[in-house]
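A.B. asks: Dock chain B against chain A, hints included.
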Amino acid sequence: MKKFAVAALIIGAFLIYSILYDHSNAIPFVPTSATETSTATDSTTGSSTTTPTPSSTTGTSSGGLYKNGSYVGSVADAHWGSLQVKAIIKNGKIADVQFLQYPNDRNRSVDINNYADSQLTTEAIQAQSANVDIITGATDTSEAFVQSLSDALTQAKV
Amino acid sequence: MKQTALIMGMPITLEVMDATVTQSDLNAVFAYFVSVDTAFSTYQTTSEISRINRGELAVENCSAAMQTILALSEQTKQETHGYFDIQHNGYYDPSGIVKGWAIQNAASLLSARGYQNFYIDAGGDIQVAGFKDGYPWRVGIRNPFKHSEYVKVLTLSDRGVATSGTAIRGQHIYNPYHPDAALLEIVSLTIIGPNVYEADRFATAAFAMGKAGIQFIEDLAGFEGYMIDVHARATFTSGFKKYVLQEI
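Protein sequences, first through last, are from chains A and B.
Counting in the numbering used here, the first sequence runs from 151 upward without gaps.
Counting in the numbering used here, the second sequence runs from 52 upward without gaps.
Next comes chain A alone, as it looks inside the complex (with noise of 0.2 Å):
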């Protein structure tokens, strides 16, 4: 899950990346060019081959967007810690991505039942392990995500 997690993520920011660099002047956003989301399946294992290519519609050769090597982006708010990512390209494609910092510093006192009174309850978070179709939750953490992979790869740019 994490690792799917990441993939689509990855994905994402590689999409959104592709989509504002090399269509310049393009609308920020391709609709209709879904992506099969089966792809960030596949991508779990790490392997170069299946980064999705940005679109069809480039006019850039096969070599590849990037230039290899690895690129450290640029610290990023995620509002409850710092996120920064390592970009690892391979053969000019996106080959890892790796987290130097993730947001994880949270404060582990007890805190006091303040709703006594009332008909709620309060629990200590869990992390769970049934299977899930689909994750509802806020977007700043992946916002972040992309914000620092964007710097690691314009640093990459051929």
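If you are wondering where the hints come from, they were derived from the structure by calculation, not from laboratory data.
There's no promise every hint is true.
Examples of chain B residues toward chain A, derived with CB under 7 Å [as the list claims (entries may be wrong)]:
1) W188
2) V202
3) S289
4) K293
Bear in mind that the values here come from a model prediction, so they are computed numbers and not experimental data.
Beta carbons: idealized from backbone N, C-alpha and C, even for Gly.
C.D. replies: Leaving out everything else, chain B in the frame of chain A:
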């Protein structure tokens, strides 16, 4: 059939279980989201909302969709004691209501084409319809402290669910009564409602209320909520458990 596209600056995923669904159905839904973005994006300088904010377009002369959103925003403002307000420093930012409204309309579009079993997920706000392989859809609530984890599994059918955090893209939530006060106590608030439009607008408003938001949801008929604070403690409403997957 399942597909994802990046529109309005976020991934939008559709999955339709009905066997007769076609690519053109999904394209129509994606095209709808693009049209919403074209009108309502505060990031696009040519959007209708940007023209209104620059004073180039009078509210009376804007599109029917814009009039609808402005009216719904005003209604929501009143229903939430002013905590929901799309006007800030003289500018309109309706993203706190447009997303849920657009998902809801997109779901209606699929329903009108005869589909009964699907979900639409736009940046973590979701409308689910019918079932997947005979069971309700399973929706995880993301751990706000750890992106790869989820801390609850909900089983939902014909419901909307939306989560507000501190800084959703294009939707900086603030307390209109204390605009400069940071909303630090609450990290994440997930609302289950009769549809995603209702869930989204009340998630936004209740989040702006801080710790009091969950009590507001408790008092709201037809809604349940799950709030996570900075101490990784969750507080949930009295009817919330009926949506939680019971592990055997």
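A.B. asks: Evaluate each hint against the coordinates.
C.D. replies: Do the hints match the structure? See the list:
Against a cut-off of 7 Å between C-beta atoms, the interface hint on W188 (chain B) holds, since the closest Cβ of chain A lies about 5 Å away. Against a cut-off of 7 Å between C-beta atoms, the interface hint on V202 (chain B) holds, since the closest Cβ of chain A lies about 4 Å away. Interface restraint check for S289 (chain B): the shortest CB-CB distance to chain A comes to about 4 Å, inside 7 Å, so the restraint holds. Checking K293 (chain B) against chain A: minimum C-beta separation of about 13 Å lies over 7 Å; hint violated.
The earlier numbered hint that this structure contradicts is number 4, and it is the only one.
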